[in-house]
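S.K.: Residue-level listing of the chains:
Protein chains: 4
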Amino acid sequence: MSDTFVQIASSLVSLARGLHTRGWLLGTSGNLSAVVDREPLRLAITPSGADKGELTAAQILLIDEDCISINEPAVKLNNDVPGKPSDESPLHVTVVKARGAGAVIHTHSVWATILSDVHALEGGVAIEGYEMLKGLHGVSTHQHREWIPIIDNSQDMPALANTLNEVLAQYPDAHACLLRCHGLYTWGRDLQEAKRHVEILEFLLEAVGRRT
Amino acid sequence: MSDTFVQIASSLVSLARGLHTRGWLLGTSGNLSAVVDREPLRLAITPSGADKGELTAAQILLIDEDCISINEPAVKLNNDVPGKPSDESPLHVTVVKARGAGAVIHTHSVWATILSDVHALEGGVAIEGYEMLKGLHGVSTHQHREWIPIIDNSQDMPALANTLNEVLAQYPDAHACLLRCHGLYTWGRDLQEAKRHVEILEFLLEAVGRRT
Amino acid sequence: MSDTFVQIASSLVSLARGLHTRGWLLGTSGNLSAVVDREPLRLAITPSGADKGELTAAQILLIDEDCISINEPAVKLNNDVPGKPSDESPLHVTVVKARGAGAVIHTHSVWATILSDVHALEGGVAIEGYEMLKGLHGVSTHQHREWIPIIDNSQDMPALANTLNEVLAQYPDAHACLLRCHGLYTWGRDLQEAKRHVEILEFLLEAVGRRT
Amino acid sequence: MSDTFVQIASSLVSLARGLHTRGWLLGTSGNLSAVVDREPLRLAITPSGADKGELTAAQILLIDEDCISINEPAVKLNNDVPGKPSDESPLHVTVVKARGAGAVIHTHSVWATILSDVHALEGGVAIEGYEMLKGLHGVSTHQHREWIPIIDNSQDMPALANTLNEVLAQYPDAHACLLRCHGLYTWGRDLQEAKRHVEILEFLLEAVGRRT
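These protein sequences, in sequence, are chains E, C, U and Z. So for the first sequence, this note's numbering puts the first residue at 1; every next one is plus one. So for the second sequence, this note's numbering puts the first residue at 1; every next one is plus one. So for the third sequence, this note's numbering puts the first residue at 1; every next one is plus one. So for the fourth sequence, this note's numbering puts the first residue at 1; every next one is plus one.
With the rest of the complex left out, here is chain E:
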């Protein structure tokens, strides 16, 4: 494994544990990834079914653009079953390709879950006028209107990845996407920016949710 991968794996773990403490990755929900190489694509990603509060760097997997695992993680998850990449890996690859993102974070918070359902028929949640929006990449004023599109949830991952791809093309300025009754996808040029976007969007969804 390259030094870069080891370093990224360690950052993913530290971030995942912090987000688990905040209650945004409970019950093995959610997943995080970061680009290790672009050509060919190599993505470090959290394994399927891992407790994010107990995650270790040795559990982080390296996948290619077809979501095939390249490395074999040194430490196994429970029951000695070898770790497999998150089922939602195709969504991560989709975001990385569509947005040129360097990192993708998918959280399951209570407020994101509620709002993704309450606003489903409108097709998205509009957030406007908050200073906190300025922390999103490329936004320079609180007068910005952020539209977070909502996609219907599905267990057909290739179909879901396809829908996500279309939505990302339809809303080229969107910094995030909600899956209905499921959670938030956001991303950034690197893991630090993706983390910033998670904190900003979860904050804003809580503010919007408490006012509804």
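Fair warning: there could be bad hints in the mix.
For identical chains, the list gives no copy identity; a pair is met inside one copy or between any two copies.
Below 20 Å or equal to it, Euclidean Cα-Cα: the simulated EDC-like pairs (lysine to aspartate or glutamate) are [what the hints assert, rightly or not]:
{"no.": "1", "residue 1": "97", "residue 2": "66"}
{"no.": "2", "residue 1": "134", "residue 2": "152"}
{"no.": "3", "residue 1": "134", "residue 2": "64"}
{"no.": "4", "residue 1": "97", "residue 2": "117"}
{"no.": "5", "residue 1": "134", "residue 2": "87"}
{"no.": "6", "residue 1": "97", "residue 2": "3"}
What the hints contain is simulated information worked out from the structure, not anything from laboratory work. If you're wondering where the values come from, they're calculated on a predicted model, not measured in any experiment.
Following the hints, put chains C, U and Z in place on chain E, whose structure we already have.
M.R.: Chains C, U and Z only, in chain E's frame:
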């Protein structure tokens, strides 16, 4: 004491402290258990009246299927009274036998407490359509409908254990049970799965509670 | 200083820091005390104006029944002003004498503050039917009805202590008292029991508050 | 760098991390400053765009009254871009001059954000009757009425600083100011007092917000 018991006791303590931090085991409420042996049944369980934020492995008790303490814990609780198994031990044994569970966790969260009363007349809480449900053992789609039965609370533990046994038989697919104005019982094949179920169900109850 | 005082001071600090983390002692609000000796009365108590998240054992004061400081704490608070006992010391002494308590804890939580005002005209908050009530000393069933009397707030401490004394006599079974728009007073035979009562009552007030 | 600056930088970091944990400085929002020298004015301030949960003392900047950076911080933020003072530095300097404050803290909490919008047309939020108010400098009774003026948000920092200056003159007794849909500014004679004011005001805004 066997190595297994020592290891399980340590895991119970670590888990109990984490759940106490989240506010789900305040005021010595709640209890946790894990199977050490099946034949004859040996269950490691938290003692009655322990502060879960200060719990130590030496306080964990080993009981048989009649809830009689096998070991004598090395460290005593306050006032040097020898620790006795949780009063709700019969409920733990009931779940272990009825479900073949390897671990049982009983939490007292604010949202579980509220919903167990608000939905008491309906006999349970239905949770449907959330991706988070997929983390429950054997559930493969968010379209799953989880029915969490609600049992009237009682201080007659044998009677309560009996009612719980009947409810578990009546709802063979249920992953949990609520005691009215009291809290949540859930379980898993091992402690890791039981922890996952607690996090998932407490998350979902909060989401449902905030929308009501 | 006696070994007992040093040990109690250390326990008060550890407990105060934990309650500050939960948000129940923000902004130097609240105070804690524990009996060191009964005859004559010696009470270890947190100093006035201390940040409970930064409290150290050297800041804990020892007072007599007239709230006069016996020891001089080794470490000074900000600006090298010698620490003085909490302004609310007379309320602590009142509880210790009226109830024979070994420890008194006064917290300022958001829910206690809100309910102490919402229910002020009724003179108290009734909490009934919750299993969590069983953790209060001497309560053996969830069918217990706990009446938490509410006292009008005042800056006249001797008068407030007098009113508290009357209310404690009027409700000999009460485990706590609310000061209107101010916070919760509870107590126990020792610090461990007082901590248990705080966690139970803050939990119940949150549950009641969220249902209102 | 003087010993004083090093000490103040370390205190700013410790405080910023704690407030980030509480969710009041998410997504690189908010900023903190403390006076190092009065004549000429030297202010230690957090850099623009820093993750407050990962802040280090080496990132803290020293600015003059024109918000020009005096030192060059030893450690760079992401991408090796040299740290620059917070864009809102003029607001900090304004508060320091208008109030003679020794420290200024600007937080972004969910409740402050909501209330700053809900009460915008009234021009401020009135908080009255809470014991917690007594923790504000110079307030000796809960009967105090605190008026927190609300200023419209703007990206024109000199204009915003000017408006803030006028509002501070108009309300000489105010301990804080809200920027609409943005967050809270408060201050104190030193960092300890500013921290106390943050905790008190965030507590009170949450209490007021939950009752609305």
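S.K.: With 20 Å as the alpha-carbon cut-off, assign the pair residue 134 and residue 87 to within, between, both or neither.
M.R.: between (32 Å within a copy, 12 Å between copies)
S.K.: Between the shortest in-copy and the shortest cross-copy C-alpha distance, which are at most 20 Å for residue 134 and residue 64: within, between, both, or neither?
M.R.: So residue 134 and residue 64 fail the 20 Å test inside a copy (33 Å) and across (26 Å) alike.
S.K.: Is it within, between, both, or neither for residue 97 and residue 117, if the alpha carbons may be no more than 20 Å apart?
M.R.: Cα proximity of residue 97 and residue 117: none, with 27 Å in one copy and 38 Å across.
S.K.: When Cα atoms must be at most 20 Å apart, do residue 97 and residue 66 count as within-copy, between-copy, both, or neither?
M.R.: Within. Shortest intra-copy distance 12 Å satisfies the 20 Å Cα cut-off; inter-copy 44 Å does not.
S.K.: Indicate which option fits the pair residue 97, residue 3 if close means a Cα-Cα distance not exceeding 20 Å: within, between, both or neither.
M.R.: neither (24 Å within a copy, 49 Å between copies)
S.K.: Please work out whether the CA atoms of residue 134 and residue 152 approach to 20 Å or closer within one copy, between two copies, in both situations, or in neither?
M.R.: between (28 Å within a copy, 16 Å between copies)
Going through the hint list in order, the structure does not satisfy hints 3, 4 and 6.
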